[in-house]
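K.L.:
Put chain B with the ligands on the given structure of chain A with help from the hints.
Now for the letters of each chain:
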Amino acid sequence: MTAAAPAIAVEGLSKSFGGRTVVDALSLTVPAGKIMGFLGPNGSGKTTTIRLLCGLLTPDSGRGTCLGLDILTQSPEIRRQIGYMTQKFSFYEDLSIVENLDFVSRVFDLADRKRKVAATLERLGLADRRDQLAGQLSGGWKQRLALAACILHEPRLLLLDEPTAGVDPKARREFWEQIHTLAADGLTVLVSTHYMDEAERCHEIAYLAYGHLLARGTVAEVIAAAGLTTFTAQESGTGSLRIADLVRALAGLPGIDLVAPFGSALHVGGGDAALLRHSLAPFLARADFVWREDAPTLEDVFIHLMGRSTDNFAGGPR
Amino acid sequence: MTIRFGASAHRLWAMVLKEFIQMRRDRLTFAMMVGIPLIQLILFGFAINSDPRHLPTAVLDSDRGPFGRALIASMQTSRYFDLVQFVATEDEADALLAEGKVQFVVSIPVDFSRRVARGDRPALLVEADATDPAATSGALGALETMARTALDRDLTGSLAGLKVSPPPFELRLHRRYNQEADTQYNVVPGLMGVVLTMTLVIMTALAVTRERERGTMENLLVMPLRPIEVMLGKIAPYVVVGYIQVAVIVITARLVFAVPIVGSLWLLTLTSVVFIAANLAIGFTFSTVAKNQTQAMQLSFFFFLPSILLSGFMFPFRGMPLWAQYLGEILPLTHFLRVVRGIMLKGNGPAEIAAEVAALAVILLVVSVIAVKRYRQTLD
Ligand SMILES: Nc1ncnc2c1ncn2[C@@H]1O[C@H](COP(=O)(O)OP(=O)(O)O)[C@@H](O)[C@H]1O
Ligand SMILES: [Mg+2]
Chain A
1 MTAAAPAIAV EGLSKSFGGR TVVDALSLTV PAGKIMGFLG PNGSGKTTTI RLLCGLLTPD
61 SGRGTCLGLD ILTQSPEIRR QIGYMTQKFS FYEDLSIVEN LDFVSRVFDL ADRKRKVAAT
121 LERLGLADRR DQLAGQLSGG WKQRLALAAC ILHEPRLLLL DEPTAGVDPK ARREFWEQIH
181 TLAADGLTVL VSTHYMDEAE RCHEIAYLAY GHLLARGTVA EVIAAAGLTT FTAQESGTGS
241 LRIADLVRAL AGLPGIDLVA PFGSALHVGG GDAALLRHSL APFLARADFV WREDAPTLED
301 VFIHLMGRST DNFAGGPR
Chain B
1 MTIRFGASAH RLWAMVLKEF IQMRRDRLTF AMMVGIPLIQ LILFGFAINS DPRHLPTAVL
61 DSDRGPFGRA LIASMQTSRY FDLVQFVATE DEADALLAEG KVQFVVSIPV DFSRRVARGD
121 RPALLVEADA TDPAATSGAL GALETMARTA LDRDLTGSLA GLKVSPPPFE LRLHRRYNQE
181 ADTQYNVVPG LMGVVLTMTL VIMTALAVTR ERERGTMENL LVMPLRPIEV MLGKIAPYVV
241 VGYIQVAVIV ITARLVFAVP IVGSLWLLTL TSVVFIAANL AIGFTFSTVA KNQTQAMQLS
301 FFFFLPSILL SGFMFPFRGM PLWAQYLGEI LPLTHFLRVV RGIMLKGNGP AEIAAEVAAL
361 AVILLVVSVI AVKRYRQTLD
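Chains as they are written, first to last, in UniProt numbering: chain A, 1 to 318; chain B, 1 to 380.
Next comes chain A alone, as it looks inside the complex (with noise of 0.2 Å):
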């Protein structure tokens, strides 16, 4: 396998369950040492296609491959080489740090085992705790003792699922050290999240609504390619007006398919731009509001693609 072969390849994925498609004829391709953020709302199939990809679950339709072995027929060999950190903490609570790790490498009858255990500890900062149970440790510990049972196999690939959900921002700013300095060493990373400023480290990010990919590519990339023009409106002062007032006024005009509160400011956009303009010109001629044309956001581009998505799954015939 060269460099440049992509770490996953998949064409045409798709994946239901008892009638209802969760991931619908998805392909994505995950470049070799990158960062993959993988974002969508919940029940978007970010779980579901990461379990398709390590052959957890068999795909309906679709194939492809991780690591150049093919999902379908080579999950055994695929297992071996990825790590995959399950959205629930999914190690052991009633054995300790050490304990857990010392199960892993030994499930992976790893060479050098002792020293491996010992070392993985240390990089992640768990060997002053290593004799504490799993079950008594606070999230971000958890999430660190789960990252370093999913690497200590030296994997060529890491599947982590919201590995940060529900821990305070240092455990997270740390986290993503360690994740960075993983994809540094050559490690292909894909991550599902909900944070924005995660999905912001990521090299490429991958979004999921509804089972279907709405967007990939850098974050300048997808926020450039959704075609979105946003204003923002700061309340002025003079004018009887105020944001909530707009904020009722703005709703279900034609060419505004996004109305975002921010503090004291409002973002609203639209994917056509005459349209956002036509609709917005008798609230930009008002005192009420100090208007200001901006560069839209990771955000308003997510919360845009959601309500687009939505709108296509309540009118096309499906």
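Misleading hints may appear alongside valid ones.
Said to hold, decoys possible - Facing chain B, a subset of chain A residues (Cβ under 10 Å, in silico):
| id | residue |
| --- | --- |
| 1 | G55 |
| 2 | I82 |
| 3 | Y84 |
| 4 | S105 |
| 5 | V107 |
| 6 | F108 |
What the hints assert, rightly or not - Here are some chain A residues the structure puts well away from chain B; computed CB gaps all over 12 Å:
| id | residue |
| --- | --- |
| 7 | K34 |
| 8 | G125 |
| 9 | A127 |
| 10 | H267 |
What the hints assert, rightly or not - Using C-beta positions, here's what the derived DEER-type ranges look like:
| id | chain 1 | residue 1 | chain 2 | residue 2 | range |
| --- | --- | --- | --- | --- | --- |
| 11 | B | I42 | A | E122 | 49 to 59 Å |
| 12 | B | L305 | A | G125 | 48 to 58 Å |
| 13 | B | R376 | A | A265 | 48 to 58 Å |
| 14 | A | T181 | B | R376 | 35 to 45 Å |
| 15 | A | E235 | B | R376 | 57 to 67 Å |
| 16 | B | L270 | A | D185 | 51 to 61 Å |
| 17 | A | T58 | B | L270 | 39 to 49 Å |
Since the hints were derived computationally from the structure, they do not count as laboratory data. Think of the CB as a built atom: it goes at the ideal place given N, C-alpha and C, for glycine as much as any other residue.
P.N.:
Okay, now just chain B with the ligands, sitting in the frame of chain A:
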């Protein structure tokens, strides 16, 4: 990179160690595993120890001669029998037995005294309600001794020659309702099988469902563990637990209840492993079927009931209808009861129990194959 298939000792050892550590942390369960056999034995021990006396007895005296009266008198002095009623007809006697109003009916035949004197050795019929053999065996034992000596005082003069054994009359015992009449000792060895069935099936029935409920299953699946390694890894620690239970029961049976152990303890130890493993494999199979721990418990109890009822522990095996016997034959407990009773009470050797152990081995094999096949390696 080489990828090896087949069961690996490393991976198996990883599972076994993990299970042992978890077992050690789960003190309550471990205490129960040792406590249950002790409690069961002590509870059943009352039944074993009790040698019930003052059992209600009816007499059908068709003779009304001196020897009949002497016999009745000595029965009363033995304190085992309480004469509650004299009856005139057999129908009356049958009704009393059927209703459970009396435990025994003693029938003294016509001309009993005269025929004893003549040296005819007439038959004395004793009918016993042997529904619960433990209740009657003490009394029946006493009766047999009594038969030799009851008439001694009256056999005087020319009849003194009849004192020598055999006794001057024949004691004809007719057990009603439970022809096989297991002795009380049947209970303790049987209990060993029952305790092992109950605790071991439940423990492993929870093994996989617990991993699933705690969310650790997903991780176990994604790691390079084969189904056979998971199963053996989960079963092995409980084999040790099973042996601890066997030891507790054997020691208690011997020291507290003085149950004789005629056969070889080594043979028992050796054959127990097949039975223990079969139960663990059954539990593991349940845990691959059950969706949660409650279901696993329910399945275990569904299995436990026929095991108790149809194995010959509760009711004599040969007393059951044929269909029940066939059903009983597929239960490991049925075969283990024969093995353990054979070894402990009859002193059976390897040759006598070989067929039963083979049956256990077949059950173990079939169940293991089902378990491994049912253990899914995906979350589908
Ligand atoms: N094993 C399953 N059986 C039935 N439905 C499932 C199963 N796993 C996931 N789903 C459903 O599929 C949808 C996508 O779930 P998931 O992949 O977990 O989304 P995400 O990780 O993006 O939140 C959800 O609606 C969820 O309820
Ligand atoms: Mg998820």
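K.L.:
With 12 Å as the threshold, tell me whether A127(A) passes as away from chain B on beta-carbon distances.
P.N.:
A127(A) is indeed farther than 12 Å from all Cβ atoms of chain B, at 20 Å.
K.L.:
For the pair I42(B) and E122(A), does the Cβ-Cβ distance stay inside 49 to 59 Å?
P.N.:
Between I42(B) and E122(A), where Cβ atoms are some 53 Å apart, the hint holds.
K.L.:
With a cut-off of 10 Å, does the beta carbon of Y84(A) approach a beta carbon of chain B closely enough for the hint to hold?
P.N.:
5 Å, holds
K.L.:
Could you check the hint for me, namely that T181(A) and R376(B) are 35 to 45 Å apart, CB to CB?
P.N.:
36 Å, holds
K.L.:
Quick one: are T58(A) and L270(B) within 39 to 49 Å, going by C-beta?
P.N.:
44 Å, holds
K.L.:
Let's test the interface hint: is any C-beta of chain B closer than 10 Å to that of I82(A)?
P.N.:
8 Å, holds
K.L.:
Within 48 to 58 Å or not, the Cβ separation of L305(B) and G125(A)?
P.N.:
This hint holds: roughly 54 Å between Cβ atoms.
K.L.:
So does L270(B) sit 51 to 61 Å from D185(A), Cβ to Cβ?
P.N.:
54 Å, holds
K.L.:
Once the shortest beta carbon distance from S105(A) to chain B is found, is it less than 10 Å?
P.N.:
This interface hint holds because 8 Å falls under the 10 Å limit.
K.L.:
Should the interface hint for G55(A) be scored as holding, given a Cβ-Cβ cut-off of 10 Å against chain B?
P.N.:
7 Å, holds
K.L.:
When you look at the beta carbon of H267(A), is every beta carbon of chain B farther off than 12 Å?
P.N.:
Holds: least Cβ distance 38 Å, greater than 12 Å.
K.L.:
Classify the hint on F108(A) as holds or violated, based on whether any CB of chain B lies nearer than 10 Å to its CB.
P.N.:
7 Å, holds
When held up to the earlier numbered hints, the structure conflicts with none and fits them all.
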